[in-house]
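With the hints as extra help, turn the sequences into a complete structure.
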Amino acid sequence: DAGVIQSPRHEVTEMGQEVTLRCKPISGHDYLFWYRQTMMRGLELLIYFNNNVPIDDSGMPEDRFSAKMPNASFSTLKIQPSEPRDSAVYFCASSLDRGLRGTDTQYFGPGTRLTVL
Amino acid sequence: KNEVEQSPQNLTAQEGEFITINCSYSVGISALHWLQQHPGGGIVSLFMLSSGKKKHGRLIATINIQEKHSSLHITASHPRDSAVYICAVRTPKVAGNQFYFGTGTSLTVIP
Chain X
10 DAGVIQSPRH EVTEMGQEVT LRCKPISGHD YLFWYRQTMM RGLELLIYFN NNVPIDDSGM
70 PEDRFSAKMP NASFSTLKIQ PSEPRDSAVY FCASSLDRGL RGTDTQYFGP GTRLTVL
Chain Y
256 KNEVEQSPQN LTAQEGEFIT INCSYSVGIS ALHWLQQHPG GGIVSLFMLS SGKKKHGRLI
316 ATINIQEKHS SLHITASHPR DSAVYICAVR TPKVAGNQFY FGTGTSLTVI P
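Just so you know, the protein sequences line up as chains X and Y, in that order. So the number in our numbering is just where the residue sits in the first sequence, counting from 1, plus 9. So the number in our numbering is just where the residue sits in the second sequence, counting from 1, plus 255.
Everything labelled a hint here was simulated from the structure, so no lab data went into it. Among the hints, erroneous ones may be present.
Claimed, not checked - Footprint (simulated), chain X over chain Y, 3 or more residues, beta carbon under 8 Å:
1) 291 to 300
2) 353 to 366
To be verified - Here are the computed distance ranges between Cβ atoms for each label pair:
3) X:THR85 - Y:VAL282: 29 to 37 Å
4) Y:PRO334 - X:ARG122: 23 to 31 Å
5) Y:LYS309 - X:GLU71: 31 to 39 Å
6) Y:THR275 - X:SER96: 30 to 38 Å
7) X:ARG94 - Y:GLY307: 39 to 47 Å
8) Y:SER306 - X:GLN89: 37 to 45 Å
9) X:THR85 - Y:HIS293: 19 to 27 Å
10) Y:GLY271 - X:GLU27: 48 to 56 Å
11) X:SER75 - Y:SER281: 29 to 37 Å
Stated by the list, open to error - Under 10 Å between C-beta atoms, here's a sample of chain X residues computed to sit facing chain Y:
12) LEU52
13) TYR57
14) GLY68
15) TYR116
Predicted model only: the values in this text are computed from it and were never measured. All C-beta atoms in this analysis are idealised placements derived from N, C-alpha and C, irrespective of residue type, glycine included.
In C-alpha cells form, the structure reads like this:
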C-alpha cells in the first residue's frame, strides 16, 4: 500500500485566496483525521471522520475552515479565505476501525506545508 | 495548564544510552499514543496504549492509568532515533473523542 497520500506537499498562496488540501487515506481504513502543526501550538486535531461522516469538528478553528469526505478514498480541507496565521503543516492520518472507536494506530501522511503570505 | 505534559522538552544522549521520555496527563483517557516526528517532518505512530506495556524492537512504552503517567523507553539508542517524540491522549466525549497533545520531546542521539 502507498500509505496516506497528501497533496500538494507545499502550497504558497496570498492572503484572501482559497486553499484546498487533499488526502487519500489507506484503502480500507475507516477513520480519517486532519491535524495542524505549528511551532506555537504544536500538533492539533482539527476534525475526524468515521465512515465518511464527520464525528468531531470541535478543533476546526473558524468558519473559514471546512472539511469534506465525499467517499472513503478522498477528503479535502478547505480554507477560505486564507490568512497568514493559517501557515502551518497540515497532516492527514487514517486508521482502521477494530472496534476501538478511533483510538487505534494512526498512519500519517507526509503533510502539506502551507504558507500564506 | 496543558492537559498533557511531557518531560524533558529536550534531551541529548550518547549513542548506546538508555533513554526515558515521560508523559503525564490530567484527564481521564481511553487511549494514549506515542508519535515520532522525524527531522524531515514525517510522523509515525509508535504505540497506542490503554494499559500495561508494549514493546517494539528497542522501544518500550508503559502506562499507569492510576497515576496518569506513561513512559517511552529507548534501549541502546542510535543516532537514527533522533526525532521529536509526541505523547497524545484520547478522552471520551458524549459524541466522538477529544484528543490532547503534548508539546513533544526533542531527542538528539550523538554518535
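* Asked: Could one say that the CB atoms of SER75 (chain X) and SER281 (chain Y) fall in the range 29 to 37 Å?
  -> 32 Å, holds
* Using the Cβ atoms, figure out if PRO334 (chain Y) sits within 23 to 31 Å of ARG122 (chain X). => Taking Cβ atoms as reference, PRO334 (chain Y) and ARG122 (chain X) lie about 25 Å apart, which means the hint holds.
* To do: Take the C-beta atom of LYS309 (chain Y) and the C-beta atom of GLU71 (chain X), compute their distance, and say whether it sits inside 31 to 39 Å.
  => 38 Å, holds
* At a Cβ distance under 8 Å, does chain X reach at least three residues of the region 353 to 366 of chain Y? -> As far as the region 353 to 366 of chain Y goes, the hint holds, because 6 residues have Cβ atoms under 8 Å from chain X.
* Honestly, do THR85 (chain X) and HIS293 (chain Y) meet the 19 to 27 Å range at C-beta? -> Holds, since THR85 (chain X) and HIS293 (chain Y) (Cβ atoms, about 26 Å apart) stay within the stated range.
* Outcome of range test on Cβ distance (GLY271 (chain Y), GLU27 (chain X); 48 to 56 Å) -> About 51 Å separates the Cβ atoms of GLY271 (chain Y) and GLU27 (chain X), which means 48 to 56 Å holds.
* Distance restraint evaluation - ARG94 (chain X), GLY307 (chain Y), Cβ atoms, bounds 39 to 47 Å -> 41 Å, holds
* **Range hint compliance [Cβ, THR85 (chain X) to VAL282 (chain Y), 29 to 37 Å]** => 31 Å, holds
* Restraint satisfaction for GLY68 (chain X) [CB to CB of chain Y, less than 10 Å] -> 8 Å, holds
* Holds or violated: the region 291 to 300 of chain Y covered by chain X, criterion of 3 or more residues with Cβ-Cβ distance under 8 Å? -> holds (count 5)
* Given TYR116 (chain X) was flagged as interface, is its beta-carbon under 10 Å from a beta-carbon of chain Y? -> 7 Å, holds
* Close enough to count: is the Cβ of LEU52 (chain X) nearer than 10 Å to one in chain Y? -> Where the cut-off is 10 Å and the nearest Cβ of chain Y is about 5 Å from LEU52 (chain X), the hint holds.
In terms of the numbered hints stated before, the structure departs from none.
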